[in-house]
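There are 2 protein chains.
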Amino acid sequence: MVMDGNKNGGFSPNIGWIVHRDVANEAHTVHWAKFLDKSIVRLCKEYGGIGFTFLIYPIGGLRRFFWKPKNNGDAPPPIHLPDQQMSTELWTKYIACSLSDWIDPDSPEPWLAQLSNDHFCQEVEYARYLGVQKMLIGLKHFSSRRLAELIKQHLHFLVLLPTKASDLGTVEMDVWTIWRDFRTLCGNSARLSVGLSLTADLDSEFDLHNDLALRRWYAEPLSSISLDYSLFICGTDNPLPTLPKAHRELINYLMVNRRQNIVLSSSTVQFDDISRLEQAVHSAKQLILSNGNICKNDGPMAGFFDLLQPLSDNLDSTVYQTFEQDVTKYVHYQRAIKAALRDLTQQAHEDTELVVFVLGAGRGPLVQAAINARQELESEKKHNEQSFLTWKMKLVAVEKNRNAILSLKYCNEERWSNSVQIVQSDMRSLSSLVDSDVLNRPDLIISELLGSFGDNELSPECLDGVSPILKPSTICIPQSYTNFITPIQSLHLHQSIATLNRSKGDEQCISMGRSKNALCHASDCCYVVCMEQFCFLVDTVEPCFSFYHPNKEGNSNARHARVRFTLPPNCELMGFSGNFEVCLYKDINLSTHPMRYTKNMHSWFPALFPLRQLYYFPDAVTVLFDIQRKIDADGCWYEWNIEYEGSDGQLFRSEVQNADGESQYMKLRYEMAYSFAVADASEQLTAQRRDEEQMRRIYDKMSDCVLRLLLTQTETES
Amino acid sequence: MVMDGNKNGGFSPNIGWIVHRDVANEAHTVHWAKFLDKSIVRLCKEYGGIGFTFLIYPIGGLRRFFWKPKNNGDAPPPIHLPDQQMSTELWTKYIACSLSDWIDPDSPEPWLAQLSNDHFCQEVEYARYLGVQKMLIGLKHFSSRRLAELIKQHLHFLVLLPTKASDLGTVEMDVWTIWRDFRTLCGNSARLSVGLSLTADLDSEFDLHNDLALRRWYAEPLSSISLDYSLFICGTDNPLPTLPKAHRELINYLMVNRRQNIVLSSSTVQFDDISRLEQAVHSAKQLILSNGNICKNDGPMAGFFDLLQPLSDNLDSTVYQTFEQDVTKYVHYQRAIKAALRDLTQQAHEDTELVVFVLGAGRGPLVQAAINARQELESEKKHNEQSFLTWKMKLVAVEKNRNAILSLKYCNEERWSNSVQIVQSDMRSLSSLVDSDVLNRPDLIISELLGSFGDNELSPECLDGVSPILKPSTICIPQSYTNFITPIQSLHLHQSIATLNRSKGDEQCISMGRSKNALCHASDCCYVVCMEQFCFLVDTVEPCFSFYHPNKEGNSNARHARVRFTLPPNCELMGFSGNFEVCLYKDINLSTHPMRYTKNMHSWFPALFPLRQLYYFPDAVTVLFDIQRKIDADGCWYEWNIEYEGSDGQLFRSEVQNADGESQYMKLRYEMAYSFAVADASEQLTAQRRDEEQMRRIYDKMSDCVLRLLLTQTETES
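Chains X and Y supply the protein sequences, listed in that same order.
With UniProt numbering applied, the first sequence covers 1 to 718.
With UniProt numbering applied, the second sequence covers 1 to 718.
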């Protein structure tokens with residue numbers, strides 16, 4: 001069986017085959033059924049030859065699968081799928097199992113419900129014994145309370161739903177809602193994934209024009225799409241069996257990562273001619289391979305990053321190196337610096353010396369950008385006016401991290417001809433150096449202190465700290481920035497934070513909250529996340545806080561925003577995704593706004609403000625997101641909650657999250673504290689560094705995601 | 001630089017080069033020192049070309065390294081090892097760092113101690129900034145209390161000690177004790193490893209004849225051996241530089257795994273002729289490659305397994321499959337069964353039917369062995385007497401696991417011509433089946449219920465449960481078994497259990513103790529461990545508990561043993577390693593006794609009874625190990641402690657571990673309990689299954705270890 005195509009570097013889609021549907025008729029012969037149950041190796045070889053990469057086989061054997069239960073005390077045939085016919089590694093690798101078809105714990109017949117309950121447990125126990133990792137189970141009713149109870153207690157399940165709600169006995173709910181109700185009954189376990197079994201007629205929620213409804217599946221653990229052979233069309237003009245356009249488009253829309261698979265089956269056609277089935281597999285594979293939506297990256301995601309705290313921690317060389325690799329960002333900075341220098345020198349006299357401060361210079365990328373900018377002006381002048389620039393530039397690099405100072409000194413010697421004045425200092429403590437004439441007042445200050453949510457690395461506080469040494473005319477790059485939020489749906493992100501919550505409780509984990517000893521709620525932190533399995537619930541992104549520099553009036557940096565979003569019906573609010581836009585100088589901007597993302601930039605993942613629970617809204621509703629940026633003497637923190645009007649007309653207000661910065665608090669001062677905690681932290685950093693190596697790979701994915709969102713956006717608009 | 005030879009499947013030893021020793025003289029020129037500090041890439045290339053796989057370079061640069069501190073307020077030269085000359089991944093991969101030579105926090109001069117303290121922190125902080133994972137530090141005094149305090153708080157260190165205690169200012173302690181004292185001061189942190197810098201004269205503790213002293217290094221995280229070029233001899237008859245015999249033998253003895261490396265340096269010779277250095281590297285590599293002691297496996301070890309509880313859990317197919325792969329074990333069983341059958345049929349009449357029960361048949365390996373045994377007797381008879389066996393064999397396979405019953409039925413159909421009677425039952429409940437004539441009383445009962453410590457999977461209790469259905473003449477295979485213990489030293493195993501202790505406290509972990517809710521001490525459990533980094537403290541292994549079957553007199557299976565060992569001076573007791581010997585029938589035995597290990601058998605790792613703390617004994621001492629096997633209505637557990645006479649003549653008695661089975665309790669009954677706990681446990685099982693895939697690899701290693709121990713043993717004896 002030529003399975004596991006992924007091994008060969010290249011991507012080969014996973015296509016499975018549901019064995020039992022094909023053999024439904026022969027299976028009634030006891031002998032034939034028992035023979036097949038013992039022929040798994042042969043089946044693997046045969047279907048592997050056709051192009052399948054795994055098989056789905058009834059865990060209890062075929063005779064038991066097709067047994068018709070009667071209320072006469074008869075027991076079903078015993079489980080018959082011998083383990084010793086194949087080694088356990090191969091079971092795990094190539095076989096998924098399905099429950100016996102008659103098992104229905106939610107049957108209205110009490111005797112069948114009871115019988116189903118017992119045999120469900122027995123089959124699941126046997127799957128565990130075999131080492132089979134995944135069980136496929138078809139949902140039979142729009143409400144399956146007893147099944148949910150059973151599933152909660154066991155293994156991993158792939159729950160299959162048709163794309164037609166009426167097949168599950170309802171016309172009042174859509175398929176997504178039926179699934180949501182079911183997984184909620186199952187405690188939203190991360191052990192559950194969902195499959196869609198495409199029907200010939202698709203419900204309107206699966207219509208591509210219905211983007212707001214359809215994109216909810218992006219927020220679910222959709223791992224499989226099941227296709228019956230009868231869906232394929234074999235035209236005379238087209239000898240290859242192909243799927244109808246609507247089905248093809250739906251698959252293209254829904255399959256967005258390489259871990260998802262397609263499962264084929266045939267309940268009607270007998271395959272005397274194996275080549276037709278081969279063609280169907282080929283056709284399904286081509287459909288996946290030609291899908292531009294599929295992310296290149298299929299590894300496990302790096303997950304959640306706590307906010308960087310460059311003020312209270314010293315960054316290390318690896319972090320600097322990673323961020324320096326964002327060429328796009330520095331090209332924009334260079335353009336902004338060039339424009340500012342040009343404006344500053346418009347009326348400059350000969351021998352004017354422009355003083356330029358790079359604040360938080362790190363290992364020097366902005367120093368380099370400033371040098372480049374002046375050189376560009378020089379060569380332009382030379383080219384246009386055949387003369388040289390008459391003004392000089394005095395560059396000062398200010399950095400508090402004493403290790404990075406060593407890097408700056410190296411660059412100064414090796415690359416900058418010792419032309420840069422390097423100052424080891426917190427940028428908020430430069431007054432004495434200016435007062436004692438060690439430094440001149442700057443004409444231009446340049447910094448890159450922004451986090452994923454703009455101000456979250458305390459750029460406003462740092463730049464305000466420089467105000468005392470500025471001239472009235474000093475230009476600040478950046479000039480201003482604004483952050484934005486938008487509501488999202490995502491089961492996966494909610495589950496991930498629940499997992500973090502457990503580990504945050506761990507004593508080994510260092511609290512990010514105000515006090516080292518405070519109990520820290522993972523759901524009350526803002527994260528930097530490369531988001532996957534999520535969808536935006538609205539097509540708008542609303543501005544939140546804005547900051548302008550220089551802040552000559554000394555306005556407070558505390559903020560309070562109340563932002564309203566009208567959510568569509570049948571959605572589940574998980575939290576709010578945050579991003580920002582910065583005006584570096586005049587019309588030169590950088591943006592992580594989903595609709596205006598700066599192309600090829602990869603310095604920032606989105607920020608995420610989670611809610612403590614998932615909020616399901618059956619009807620359209622207006623939700624208000626209330627967020628505050630609070631400040632005290634030592635630091636800064638966000639507090640947030642939501643408000644909406646319930647179906648009863650009552651105003652619902654959720655508890656304020658991260659009240660008083662208990663779970664997450666951004667400190668204003670560097671803490672030099674070598675202790676066990678720091679040693680432990682450095683081990684965590686080592687682990688994080690490994691994550692960061694993943695970052696470049698993720699950046700690719702990120703660009704892909706953004707591109708896809710932009711495309712979706714454009715398609716929706718057009 | 002041709003580093004990382006391990007990548008190419010084949011094993012290439014790691015050889016490092018200590019840069020600063022070589023350049024000590026030139027380094028005094030400021031210019032040259034600063035030039036070298038910026039030439040790391042070139043150095044990597046040059047030394048890589050010679051055959052080195054990593055470099056050790058002073059973290060603060062050469063000038064700072066060689067600075068001579070004076071008590072006049074002068075500061076040392078600033079750190080000078082620019083990070084941007086090489087990308088951070090390469091720093092991590094190819095560079096280890098050494099602290100500046102003059103740093104000595106334990107200096108008797110208070111000003112130097114203080115200066116050292118401050119600059120130690122600064123250099124370590126810079127190493128962290130660079131992303132360098134390991135710092136080399138040479139011990140300067142036999143007692144280094146302040147250095148230990150500093151090290152405790154930081155990163156990973158390789159602590160280098162000479163093989164001559166007088167170099168550290170003492171003739172009263174041996175080098176191992178100096179190291180033990182130091183790591184104890186450092187809280188026995190797992191972040192520390194040790195290196196031995198071989199001196200021309202080796203202290204007597206490094207003499208190969210002094211095995212009891214030398215083997216203590218097996219129990220330490222010995223990661224490096226450092227050699228100065230001056231140790232190599234270049235004879236006229238031997239053009240290749242080689243090490244003296246004593247040094248070669250010592251390296252062969254100490255280097256036992258592939259993660260260990262050799263570090264070369266030269267403090268005297270200048271290398272005008274690079275080829276001599278090349279030859280020294282070649283010579284060091286050959287020394288490692290020709291070393292038969294080095295274990296094949298160099299991956300991280302699978303670690304600790306909790307005891308299997310086949311009585312209270314159902315094993316799964318993977319576990320059965322793993323154990324079935326031990327051919328040697330089943331060949332011995334087959335021989336034993338054959339001998340028993342021959343004895344039983346000595347006076348058998350024609351048409352006698354011998355009833356053979358396989359108790360706990362699993363998926364049937366012992367059933368197969370019984371069938372094979374009879375077939376062998378048949379063909380012997382045919383060959384010798386030209387006639388057929390006249391007696392029949394009635395095989396009954398008893399198994400309580402309903403899933404394994406399905407496997408047995410498959411084998412019965414496919415391999416055993418339905419000749420075997422399969423009974424799903426606990427072996428302790430067969431009386432009713434015998435009384436009702438469903439089963440005949442057995443002439444022979446066969447079982448394989450032994451764990452790593454013999455009785456720990458409750459074989460005595462299970463077999464006693466069969467007593468009511470036996471005939472007076474029934475033969476039991478096995479007939480008897482005895483377990484053994486021996487004291488061991490191991491920092492690594494102690495550290496590993498300390499780590500387990502943390503995770504055992506975790507609520508997600510299922511308690512193995514008497515009560516589900518009881519607090520479980522990891523140090524109070526007996527483990528099954530593929531041991532590494534340990535040594536036996538004595539050359540004897542003492543018997544502990546013995547059991548005989550059938551137990552017709554119904555003797556109690558409770559046991560109490562008090563075993564004495566006389567430990568050598570300067571050793572550190574970690575716990576006791578356990579193993580067993582079983583007499584299957586007459587002279588056919590299986591053994592995991594270190595000196596009598598059954599060749600090629602791999603079903604059992606050693607058992608380990610840890611102590612709660614490490615016990616260091618400066619003088620020879622007699623330690624008594626007190627161990628009890630206790631039983632109550634529901635299960636069985638071990639309790640243990642030690643006793644010895646302290647240097648003050650007072651008897652010391654340690655607290656009884658696992659009192660009342662609080663931390664580990666082997667249950668007598670199967671618990672069918674589907675709950676969240678079980679679902680979680682099944683996820684743990686999945687993880688464990690991955691470990692089990694490692695098991696086969698470990699078996700190889702295991703055989704290696706045993707072989708090595710046997711070899712060492714033989715060498716010592718001869």
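Keep in mind that the hints were calculated from the coordinates and are not lab data.
Treat the hints with care, since some could be wrong.
Since the list can't tell identical chains apart, any single copy or any two copies may satisfy a pair.
What the hints assert, rightly or not - Pairs of lysine-lysine residues, derived as PhoX-like cross-links and limited to a Cα-Cα distance of at most 25 angstroms, are as follows:
#	residue 1	residue 2
1	Lys34	Lys409
2	Lys471	Lys400
3	Lys245	Lys45
4	Lys630	Lys245
5	Lys68	Lys140
6	Lys45	Lys394
7	Lys394	Lys409
Every value quoted in this text rests on a predicted model; they were computed, and no experiment measured them.
Hints and how they fare:
1. Lys34 <-> Lys409: Answer is between; shortest inter-copy Cα gap is 13 angstroms, intra-copy 78 angstroms.
2. Lys471 <-> Lys400: within (23 angstroms within a copy, 87 angstroms between copies)
3. Lys245 <-> Lys45: neither (32 angstroms within a copy, 59 angstroms between copies)
4. Lys630 <-> Lys245: Intra 53 angstroms, inter 72 angstroms, cutoff 25 angstroms: neither.
5. Lys68 <-> Lys140: within (16 angstroms within a copy, 83 angstroms between copies)
6. Lys45 <-> Lys394: neither (74 angstroms within a copy, 38 angstroms between copies)
7. Lys394 <-> Lys409: Classified as within: same-chain Cα gap 16 angstroms, cross-chain 88 angstroms, threshold 25 angstroms.
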